[in-house]
Amino acid sequence: MTKRVEIENLSFAYRGNPVLRSVNITAEGGDFVCLLGPSGCGKSTLLRLIAGLERPDAGSIRIGGAAVAGPGLDRGVVFQDYSLFPWLTAGENLVFALEQAFPGRRRRDHVEDARAQLGRVHLEGAFDKLPSQLSGGMRQRVAIARAFATDPPLLLMDEPFGALDAVTRAHLQEHLLALWQTPSGAAKTVFFVTHDVDEAILLASTVVVLGANPGRIRGVFDIDVERPRSRQSLQSNPRYLALRAAMVDLLYERSDDAGDAGTLQ
Amino acid sequence: MSSTEIRAGGAHPGTQPAALGPARGAPAGLHWSQTLPAGAILAGLLLATAWPGSEEGFPLYLVLFAVGVGVVALARWRLAGSDVARQSVCDVAAILYTILLAWQLATAHFAVLDPMLFPPPELTLRLFVKELPDLLDCLRSSLILLVSGFGAALALSLPLGLYVGWHSRLHHAVSPFTKILGTIPPVVFIPYIVHLLPSFRSASIVVIFIGAFWPIFINTVAGVFNVPKGLIDSGRVLNLSTRKMLLRVVLPAALPSICTGASLALCFSFLLLTAAEVIGANSGIGWYVHYFSDFADYHRVVVGIIFIGIVVVAITLATERLERHLLRWRS
Ligand SMILES: Nc1ncnc2c1ncn2[C@@H]1O[C@H](COP(=O)(O)OP(=O)(O)OP(=O)(O)O)[C@@H](O)[C@H]1O
Ligand SMILES: [Mg+2]
Numbered sequence: 001m002t003k004r005v006e007i008e009n010l011s012f013a014y015r016g017n018p019v020l021r022s023v024n025i026t027a028e029g030g031d032f033v034c035l036l037g038p039s040g041c042g043k044s045t046l047l048r049l050i051a052g053l054e055r056p057d058a059g060s061i062r063i064g065g066a067a068v069a070g071p072g073l074d075r076g077v078v079f080q081d082y083s084l085f086p087w088l089t090a091g092e093n094l095v096f097a098l099e100q101a102f103p104g105r106r107r108r109d110h111v112e113d114a115r116a117q118l119g120r121v122h123l124e125g126a127f128d129k130l131p132s133q134l135s136g137g138m139r140q141r142v143a144i145a146r147a148f149a150t151d152p153p154l155l156l157m158d159e160p161f162g163a164l165d166a167v168t169r170a171h172l173q174e175h176l177l178a179l180w181q182t183p184s185g186a187a188k189t190v191f192f193v194t195h196d197v198d199e200a201i202l203l204a205s206t207v208v209v210l211g212a213n214p215g216r217i218r219g220v221f222d223i224d225v226e227r228p229r230s231r232q233s234l235q236s237n238p239r240y241l242a243l244r245a246a247m248v249d250l251l252y253e254r255s256d257d258a259g260d261a262g263t264l265q
Numbered sequence: 001m002s003s004t005e006i007r008a009g010g011a012h013p014g015t016q017p018a019a020l021g022p023a024r025g026a027p028a029g030l031h032w033s034q035t036l037p038a039g040a041i042l043a044g045l046l047l048a049t050a051w052p053g054s055e056e057g058f059p060l061y062l063v064l065f066a067v068g069v070g071v072v073a074l075a076r077w078r079l080a081g082s083d084v085a086r087q088s089v090c091d092v093a094a095i096l097y098t099i100l101l102a103w104q105l106a107t108a109h110f111a112v113l114d115p116m117l118f119p120p121p122e123l124t125l126r127l128f129v130k131e132l133p134d135l136l137d138c139l140r141s142s143l144i145l146l147v148s149g150f151g152a153a154l155a156l157s158l159p160l161g162l163y164v165g166w167h168s169r170l171h172h173a174v175s176p177f178t179k180i181l182g183t184i185p186p187v188v189f190i191p192y193i194v195h196l197l198p199s200f201r202s203a204s205i206v207v208i209f210i211g212a213f214w215p216i217f218i219n220t221v222a223g224v225f226n227v228p229k230g231l232i233d234s235g236r237v238l239n240l241s242t243r244k245m246l247l248r249v250v251l252p253a254a255l256p257s258i259c260t261g262a263s264l265a266l267c268f269s270f271l272l273l274t275a276a277e278v279i280g281a282n283s284g285i286g287w288y289v290h291y292f293s294d295f296a297d298y299h300r301v302v303v304g305i306i307f308i309g310i311v312v313v314a315i316t317l318a319t320e321r322l323e324r325h326l327l328r329w330r331s
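Protein chains in written order, with our numbering: chain A, 1 to 265; chain B, 1 to 331.
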């Protein structure tokens, strides 16, 4: 069950301060979309709008044809922090989400399912650990396992690896891709916020570059680099280098001497 | 354990700061030297009891008590998990013995203090044992008032606080009133409520209720208000119903603040309980002290005060345990 996401003419302001202006993005079912942009350009806001945590001032967001009216379990969300409830163990965090997503099933099945999901991110031993007893990387793995556990067609991730060191980050990127590329995961449409160009190219099938003041789309790139992509092989891939250069140009270009860039494919 | 650390450090000369050497170098086992001060003061105390003073007979209760404290302290010292805990057990024992010794010397030996007002330790202990059944009866009567008033306050203020804290319009509408009502010292209600209600017991329960209500309510509201927005968002993306959001996200997230309010409320309750008992009861631990001071029986007053102290310490320790258990998820 894939879900196409259509964002049309989306505008949003926080108490009169425009944050996003006329944003249009269409993601086909199964796309991995990275939202890339400088700090404060509205990436988190865009994700919160898709999650249904904020209401747009103008324009619309449709998921599988239906307009977003509020939060829903068809979207799994991973925040940079605060995703897990600190008073629940890692396992109970997953069980809690599973109970919400599949009410009526027996608790024993939820527990078993939660164990299996933690196993997929190699954390089977962390079931009874509290979030405060886990490292930052482990916590994010639990959060990702929880997002996948309820099997939503859409995944929204806001800089889930932003606070991690480079090595842990690389591991988690692999974990995420491995989950996304399984038969059940491949159908998932992903929106992934980052401000790291390399992370975006490594993960995405489409990168949307946003600009600030107010947030708007500066460019859209199809990442037609073959998978599996490894950090090492990318370094010598001419297509990667060209994409990277174009994105870096767009990101570091001073916004006042650039008009709204057209779509670059 | 730490000796292997030292050896590991020794393999890299110069990396181990010299200042750490002596502190870490001591074995993690038991240092008998820690028990020396307490032991010395205990010996002094026992010596003082053997030295014939103003009192008649051998102070058996005092010796038994001092030795009993010593046995308990020694057991706790042996079982303590850390060096800090071991040291503090010894320090507490030493302070307790110092107080006993000073008390004994000042009353039984040198009669510095008026024997009417200050009974010597032996007499106090003996009286304590004799009065214990009566004191426990009083405690039962007091606890019924305390539990009813505090329990009712908790049962009402917690859900109300959750609800008011969650609905920000209600929160803003109510907060001027809570600010005024919550700051009135509940003691001032006592005479009024005593006149208002038919019996003393119902009046004290209401007074305790009022005193306990506001700290829990105000801290619950503040706790709910300060729940990190990210946690609420995590609940919202799971599509929680308001009921589940309040019970499974907001309540646990606000629990640290609620616990603060509840322990404050318990302190207030105890204060109000004893104050109310002094005014109009015919039983209870506050009444006990008040009653015997009216008869100028200050020995029983001292015994009552000590008993109240023990009760308060026991309640405090129990609530601290409960709080630590409830909040064990905090790092
Ligand atoms: N709750 C809020 N109230 C008012 N303004 C806000 C709020 N949240 C965000 N903003 C504003 O909206 C703009 C976009 O914020 P947003 O968090 O979406 O940026 P971002 O692209 O995610 O930045 P970062 O990379 O630093 O996370 C910023 O100018 C910010 O000041
Ligand atoms: Mg952000």
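Calculated directly from the structure, the hints in this document are not laboratory data. You may find that some hints are simply not true.
Listed below are the simulated BS3-like cross-link pairs for lysine-lysine, each with C-alpha atoms no more than 25 Å apart in a straight line [as the list claims (entries may be wrong)]: (1) B:Lys229 with B:Lys244; (2) B:Lys244 with A:Lys129; (3) A:Lys129 with B:Lys130.
Right, here's what the structure says about each hint:
1. B:Lys229 with B:Lys244: holds (16 Å)
2. B:Lys244 with A:Lys129: Given that 25 Å is the threshold and the Cα spacing comes to 23 Å, the pair holds.
3. A:Lys129 with B:Lys130: Violated, at about 51 Å.
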